[in-house]
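Trainee: The listed protein sequences correspond, in order, to chains A and B.
Counting from 37, one number per residue, gives the positions in the first sequence under the numbering used here.
Counting from 25, one number per residue, gives the positions in the second sequence under the numbering used here.
Among the hints, erroneous ones may be present.
[What the hints assert, rightly or not] Pairs of lysine-lysine residues, derived as DSS-like cross-links and limited to a Cα-Cα distance of at most 30 Å, are as follows:
| no. | chain 1 | residue 1 | chain 2 | residue 2 |
| --- | --- | --- | --- | --- |
| 1 | A | K311 | B | K236 |
| 2 | A | K311 | B | K153 |
| 3 | B | K340 | B | K44 |
[Said to hold, decoys possible] Not close to chain A: a few residues of chain B, all C-beta gaps over 10 Å, as computed:
| no. | residue |
| --- | --- |
| 4 | P258 |
| 5 | I274 |
| 6 | R467 |
| 7 | R480 |
| 8 | N614 |
| 9 | G701 |
| 10 | R707 |
| 11 | R844 |
The set of hints was computed from the structure by calculation and includes no laboratory data.
Even for Gly, the Cβ is constructed at its ideal location relative to N, Cα and C.
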Amino acid sequence: MDLHGLQERALAELQACRDEAALHAWNGRYLGKSGELTLALKRIGELPPAERPAYGQKVNQIKQTLLAAAEQQERAIREAELTRSLTAEALDVTLPGRPVQRGRLHVATQVMRRIIAIFADLGFQVYRSREVEDDLTNFELLNMPPHHPARDMWDTFHTTTPGVLLRTHTSPGQIHVMRELCPEPIRVILPGMCYRYEQITTRSEIMFQQVEGLAIGTDITMTDLKGVIQAFAQRLFGEDRTVRIRSSYFPFTEPSIEVDMDCIVCGGKGCSLCKGTGWLEIMGAGMVHPVVLQHGGYDPTRYSGFAFGMGPQRITMLLYGLKDIRQFWANDLRFLEQF
Amino acid sequence: MKVPLRWLSDYVEIPIPAAKLVERLTLAGLEVAGVRLVGVPAPEGLVVRDDAPRPVWDRDKVLIAEVLEVKKHPDADRLLLVTVNYGKQPHQMVTGATNLKVGDKGQKVVVALSGAVLLDGYANPPVLKQLKPTKIRGILSDAMVCSARELGISDEHEGIIILENDAPVGMPLVDFMGDIVLDIDVLPNMARCLSLIGVAREVAALTGGTLKAPPTRSFAVSTEPFAEVAIEDPRLCPRYSATLIRNVAIGPSPGWMQRRLTLAGMRPINNVVDITNYVMLEWGQPLHAFDHDLLVQRASKGKPRIEVRPARAGEKLVTLDGQTRQLTPEHLVIADTRGPIALAGVMGGADTEVTASTRNVLLEAASFDFVSIRRTARAFDLPSEASLRFSRGVHPDLVSSAALRAAELFAQLAGGQVVGSVESYPAPLPPQVVTLPLSEIRRSLGIELPVVEVKRILHALEFTVEEAGSGSLRVTTPPHRLDIQHGVADLIEELVRIHGYDQLPATLLREQLPRQRTNWPLVLEERVRDILATCGLQEVMNYSLTTVEREAPLVGPGVEYVRLANPVTVERSVMRRSVLASVLESAASNLRHVQGLRLFEIGFVYLPRAGEKLPEEPRRLAIVMTGPRQPEFWDSPTKPPLLDFFDLKGVVEALLAELHVPSAEFRPAQATWLHPGRSAEVRITDDLIGCFGQLHPGLNEHFGLGRRDVLVAEFDLELLLAKVPRRHAIQPIPEFPPIRQDIAVVLDEAVPAARVEAEIRAGGGELLRDVKLFDVYRGPNLPEGKKSLAFALTFQALDRTLTDKDAAKVQQKIVGRLERLLGARLRA
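The whole structure should be built from the sequences, with the hints applied where relevant.
Mentor: Structure follows, in structure tokens:
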């Protein structure tokens, strides 16, 4: 009996098995009930007794070898089959993914939240007040009696009820919050919608948001105002921003200032965004006028305060390089979906 | 206010470069909004925002010349040959100038030599063009005499520019009249700077210089009774003066004056008008000239009596522009005994205006109540340089300076003889005195300003300063300012403005942090926004202004609106009462380019209240959804399913659940704007929070939505947020396994699913942890009018593992309840 030859042949055939069926057949051929090796073992009785132990041992050895080899081959075949089937399942990974229904906040809400968050860190809380106002609160109590020349600075929507108008700025909120909180110190921002009688163009709107800030206390100064505005500009526009202050005029602040920030595009060298000046106007501000403090219930000889006001739409336009203010309320999804 | 620097330097030395001057003025509150270069190259660092092309007058090629000879062009009727001298050999050129004629000689003109770059006088819009030698009708011309337009000074192109007789021949034009004009935005509290002298005073204060106001000599006063002046109400007209100048020769004003007026933005007319305008620009005091002879005529050869008074009802005046103005007592007029002769401070009357034949001029210098002038200028829509100044306030003190200065110019430039003035100034304005405690400066600005600096600045602005003891100064306002109304605060602004805001350090607040309060309405509103965005909805924000018609189907007829008295467009003429109408507007405009959308808006509505002047402004939430349920994808079915009622209800349920609002109830809605069978109202503890469902198909057209099904919702956000608990309990995660059993019951079509679920819960007690409807079936296996509802029931105990037996017992109880109360039977 050429046991060695049997093993060589069986191993060679095993190597040739490419799938589970072939492996199964091979198993039957050699290890099955009437397999060659099984039969070889059965023929042990034909041998002289002295040769039997060695023969039996040899056959068993071969059986172990074949079993181990078969197991290895089976693993290899399974792996190959898996690889084959996975390869067959391959996708075109460049096809687009299944779209998710995405929602988002209006860009005005997004920017307003950023502004509110920055001022919240500085201790300013949000106070909101009405949009349909009376002339008294929108103008008179803010130191603009009827026919005051400064009223020309705000083109006003009047309603058909005499003395009732759409607020032209968030400043009437100053009166509301002072009267509500007096004599406590105040540190609030007043965000909200304002209205002006304007032609709607790429640069002017009849409706826009403002964020006004108001701080009142017994130790509030112009240098604090400068510090707060600078902190704000650096948080929103970048830590290396610098601000400059120009003298200006608002009836409800004295002194009044206008705040410019070095241009976010050119850093001050002059470009088309800043129209060559190197500066971008970001807000108007000033120390609360003594008359306004008085109207709010605060004694101007003891209390002082500052106020500032900015336009989030303008700030958004600066942040994103937008050129057309009308896009904000047009609600074109092709615009809104980009934020 | 346009300020030519050459003119400005008559009154103050400008020791700093133009770019620096622009910066200093801007920071001090005189914002330079524009700069115009006149013949000069742009100085270093100066930002010139000027869209028009401006020629630079080449020093060697644009020169002052004298006309030596003017001859006819041999081959062209309209052309002339002009020979000029500009310091070298005589030079001949061809010109079409209409203000030269054959035989002219001696005029001072501007000659441009070949190579000079000037504006093409015929191009529109103007472009720069280099001058080249050309043959014009056979004659070589390598130079030209220039018009104001070619030089970039004004649009004047009728003839060439003729300079004054003493213009130096051969001088480069740029040295003679090259200029920089600053366009300054003058704020309401800086009205005193609507004058060259006002700006010069600021420059002096900012640069440490001295103001050189033009001398105003007084003149011998004649006793001739040429007019009488009466003021009816000194509050409306504090001061009025009338000066008579006789034998004025009307003619053009000198070149330098015309040039200055032109650069300052005014058109030269004749010497009388030009002098009044020139003095107005110089001092800020508007003037008006009457023809004295016409006034005498109107007074029947007697002495004219000039009155300043409100117009009487029914009076009329034909103003200089030929318009007949109907007057009321609202309007302040200058009148004589025959009636109004001028709209005070706004515009003169045609009957007494100065004409080419005027010999004797009565010059008015007056100050008026700014409110009255504003009203009149507005009422007649007559903004002018004069009314602009008067309506911002002109100090009465300026009347005499301006009248004297104008009279002197009349004598100098129009050959007039100043006869004298009559004046009424019943209650001279007392100088304003302010006590300034130095400690107030630190309290407002946050810095100590040395008293030396305080005094320096106030002196520079012509305030008088005295020590007032105990750390205070007594400050007297100079007699040209009306803006120091609130004393200390105004003075502090002057101090910091001139001292320089760049000198201030930046500090953060030292003041104690005020009491902090949570703004719940805002917190919850933002929470709603986040929830809806998470649900896949896009936020929109719309105008609060709309039309009654647009909203009518949603808000019903006959409701009150906040209406605008002066809308910019009828499309935006009332304050909205519906946020949903706004969102539908957004939907309609977007549906032109998208298949579907899911939008929401949170905003105010404006509801007039009976007996209240101001409306209520509650918040509303509106949702609009339409289109495919899934975004389009490459393996989607060709006809993807569309959003329906239950997609919207899912969003509403998600919102309520995320807000932890307990026990919301859905019932069929009654709203006329909703599909009667596919709409629901939401009630929380019986309060109606809002409605949602499919927009009534009959309204699709009204809102421009085509034929699609549109799902809409509107909620009263105030009511909804009032139902949101400040805190809610968190359930423990159960430790013991649940048992799920499904039951299907058959019952009448009319029984709402919510009712069935409620009874299941009631029957299930605390072991029933969850109920989910998972199938609704109607069909041939069921009797007519019946439906089958299948529920998945989850049983679970917090303290033990339930057995199937436990669950079966509870289920039996549930089924029994459904059979008894709802007539249901268990489906096999």
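Trainee: Just to be careful, I want the Cα atoms of A:K311 and B:K236 compared with a cutoff of 30 Å; is the pair within it?
Mentor: violated (35 Å)
Trainee: Just want to verify: B:G701 was marked as not at the interface with chain A; is every Cβ pair farther apart than 10 Å?
Mentor: The claim stands: B:G701 keeps its Cβ more than 10 Å from every Cβ of chain A (closest is about 27 Å).
Trainee: Is the Cα-Cα distance between B:K340 and B:K44 30 Å or less?
Mentor: violated (52 Å)
Trainee: Take a quick look at whether A:K311 and B:K153 sit within 30 Å of each other, Cα to Cα.
Mentor: holds (26 Å)
Trainee: Could you check that no beta carbon of chain A comes within 10 Å of the beta carbon of B:R480?
Mentor: Given a closest Cβ separation of 17 Å, the condition holds.
Trainee: Please confirm whether B:I274 is truly not at the interface, meaning its C-beta sits more than 10 Å away from all C-beta atoms of chain A.
Mentor: holds (36 Å)
Trainee: Would the non-interface assignment of B:R707 survive a Cβ cutoff of 10 Å against chain A?
Mentor: Fine: 26 Å to the nearest Cβ keeps B:R707 off the interface.
Trainee: Going by Cβ atoms, does B:P258 stay more than 10 Å from chain A at every point?
Mentor: holds (18 Å)
Trainee: Would B:N614 pass as off the interface with chain A, using Cβ distances and a cut of 10 Å?
Mentor: Given that some Cβ of chain A is not farther than 10 Å from that of B:N614, nearest at about 5 Å, it is violated.
Trainee: Beyond 10 Å on every Cβ pair: is that true for B:R844 relative to chain A?
Mentor: holds (44 Å)
Trainee: Looking at B:R467 again, its CB stays over 10 Å from all of chain A?
Mentor: violated (6 Å)
Checked against the numbered hints above, the structure violates hints 1, 3, 6, 8; every other hint is satisfied.
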